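Asker: Dock the two chains into a complex; use the hints.
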Amino acid sequence: MKLPSFEFLRARSLAEAWALHSDAGGDAVYLSGGHSVVPSMALRLQAPSRLIDISQIAELHGVELQGETLRIGAMTRHAEVLANPLIARHAPLLSRAAPHVAHPAIRNRGTIGGNLALADPASEFPAAVLAMRAELEVMGPEGRRMIAADDFFLDLYETALIPGEVLTAIHVPLPPEGRVFGFDEIARRRGDYAMVGVAAQADMSDGVVSDASVTLFSVGVTPMRAAAAQDALEGAPLSTDSIARAQAALATDLDPPDDPGFPAERRLQLARVLLGRVLTRMEAVQ
Amino acid sequence: MKVMLSTTVNGEQVQEAVLPRTSLADFLREDLGLTGTHLGCEMGACGACLVLMDGVPVHACLVLAVQAEGSTVETIEGLNETGAAADLQARFHDRNALQCGFCTNGMLMSAQALLEANPAPTRDEIRDALSGNYCRCTGYEAIVDAIDTTARDRAARTEAAK
Ligand SMILES: Cc1cc2nc3c(=O)[nH]c(=O)nc-3n(C[C@H](O)[C@H](O)[C@H](O)COP(=O)(O)OP(=O)(O)OC[C@H]3O[C@@H](n4cnc5c(N)ncnc54)[C@H](O)[C@@H]3O)c2cc1C
Ligand code: FES
Ligand code: FES
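Note that the protein sequences, when read in sequence, are chains H and C. full-length UniProt numbering applies: residue 1 is where the first sequence begins, and numbers increase by one. full-length UniProt numbering applies: residue 1 is where the second sequence begins, and numbers increase by one.
Just so you know, the hints here were simulated from the structure itself, not pulled from any lab data. Be careful, since some hints might not be right.
[Said to hold, decoys possible] Under 7 Å between C-beta atoms, here's a sample of chain H residues computed to sit facing chain C:
# : residue
1 : LEU3
2 : ALA105
3 : ASN108
4 : ARG109
5 : GLY191
Owing to the predicted nature of the structure, the values given are computational and were not obtained by experimental measurement. Backbone N, C-alpha and C define an ideal beta-carbon position, used for all residues, glycine too.
The following block holds chain C by itself, in its conformation from the complex (with noise of 0.2 Å):
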């Protein structure tokens, strides 16, 4: 039997009925066309379909679209529209931080978090944050020098700024 479910999706008010074997990633991708969040394995261990729930990474693949309910969920679409992670994304491309691009979503979120809870990590822990995230073929030096460099961007900014 479908449940009412009431959540917040990339900024806007979601009501939808949906089957609680529903899972977060297939309500997203099925019900309200957010493909950006990837499905691998299914199991919570290659990290593609990512997304932040309540601020923080999740895997949609393993939340059920009903325990969403009063949350708010960000998914990369939002971070396209808002443009947060724009200057992450244009790291990744000039550092080679992707190939077929199945993994760098997922990857996107894993550092956006990271890079607001320690915007100075170091390269360890830049590689602990990432260690959910599979990527299949580029290899995870690129993807490290891509955040590592977004970080140390982001801290000139501030120091303009200021």
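Bound conformation, chain H alone (with noise of 0.2 Å):
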């Protein structure tokens, strides 16, 4: 379907991107990728009378090591992602999982920061960057707010951001040495979103687990901590032991939705399959 009419207004700096926000009085949105809103615009889901693309502001280009952290702009479109070697050795679980988000020619547009603020509950990064206790970084005409990931999914499409605030980028803390990663997911088709997924990290020394992070997607309104399953790996090896009872107590921490012909208790299952397979791996590669 054609899109309704709006007017388009770019954004040069984010002092400009506020200003043209607040002057739309609400009915503004902003546009980096384009990839989820001008399909929601398509299917008349929204009719903003402006968008404004903030895909050129210098703030959101870039991904760059800060002291202890990878700073990753928010403009970083996903095959960027994908390929870059700073997010491949510091921030493994993004480019880990970029390769299951969408299609090589979405991933070619679309960009983190739109995917974050997007918030969809079967979308990979946000689980991603809750897994790597990442901090997001939000500026609005009231400055710098530092939001760590934990804090910013609220609920289904809902985050933390303040109408007219902008992401402007993902703080992602350097992880020690020892520590290991897992991703993946359970999708009906190759590119499509996930029917349920799993992002896990773990810190490893003399081969006892510590900090474990475990995160699932695609189970809820929003991305989940799986606190229960990490406490369950808490101080002990990884092994069929302790992955048995990460598996069992996501009953505790899962409580999800009740789809006609995708009922919870299968939803839990496929979850508890896919959490399986995930740790196994990672104890694989200690």
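Answerer: Written as structure tokens, this is what we have:
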């Protein structure tokens, strides 16, 4: 379907973006890659009177080491997330998630910032930033805020962003030596949204797990931290036993929706199977 | 209100006033008469509308024409003119990799971009590159064959030229 009419404005700076947004009295939407905005307007899910193109604002670009963190600009496109060597080295969950995000051509336009700001519960990057305990850098007319990923995803397509604020970057704490990572999803077709997905990391010293971080996606209205599963892994070697305990703990962590054709019990079962696979692979690379 | 757009399409500088709601696909088809860029789903799902923008495949149905400001766009007509994909097109033909042809231009865009980035892809990598291209009549085996054979031909030619 063709899009409804709107006014198109390009912001050259954050200050200009905020001004253009506030001028529109709430009836404006920022445009990054456009690969969620454009289809949703075509479907008449939204019809803002103004689109503000923020893709050329300098602060949103670049991937660089800043002290103890890797700063990934919000405009970094999925294809760049997949290919960037700094991301592969310091934020490997993102490079492992990227091949599962849509198809190659969509990855050429979609941006990590747009993806996180949209907060689709079936989306891969939100679960990855949650698992990495990343912080999201957000800038608005009131200044800069750093929001922990754990506090960013609030509800279905709802984030801690205040209208007008721009998500400018993702800050990933640099991983210590010996951290292991796991990512996978079960989808109906290659490139399709996940039926269930897992992103996990854990530190291994003397073969014992500490700081286990396990998140799941496509199991509820937001990506979710599996706190009970994390606890089940803590302080023991990764083993068939501890993995089984983590799988069992998912019943405490998750309360998946009961969709017609995809009952909650089946989704929970798939989550257990997938978590088992991911943790077993992490055990193998230790 | 219309906005001035200046972009390069198939090597030619284009300046046109466009409505912001116009997709790149509609701009190419309706304003420039380049109807080789097909429209199927208009949702990013089928891949019929793929064009190369700044050298990489993108869905022309999901890009607003105004977003192509300052970019270079190449459509199937451009590939025809330069002959860059002539061997690929010939292989699609002799491997029966098309029937109605509706998906073919998008397939060629994906294939051409894949072979530029990865001259010796495995069949799995070819399938992955085509995961966003639907074909409703041919089936994918012949299409993968055509791309696989083109990769081998090109490699053999490069080798011979050494
Ligand atoms: C066919 C298809 C399949 C897809 N499959 C997947 C998939 O498997 N997994 C997946 O994760 N995604 C998938 N996507 C979505 C894709 O990843 C989107 O591109 C992405 O979610 C949105 O990024 P964008 O840059 O295109 O954002 P846009 O569409 O430009 O914006 C999305 C939303 O975020 C807001 N926004 C954008 N940037 C910012 C910012 N910096 N600060 C504040 N707000 C901002 C916008 O106002 C808008 O509300 C798919 C999309 C399509 C069309
Ligand atoms: S028409 Fe663009 S993907 Fe189907
Ligand atoms: S040849 Fe008809 S859709 Fe592919």
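Asker: Now, for every hint given, state plainly whether the structure supports it.
Answerer: Right, here's what the structure says about each hint:
| no. | hint | in the structure |
| --- | --- | --- |
| 1 | LEU3 | holds, 4 Å |
| 2 | ALA105 | holds, 4 Å |
| 3 | ASN108 | holds, 5 Å |
| 4 | ARG109 | holds, 5 Å |
| 5 | GLY191 | holds, 4 Å |
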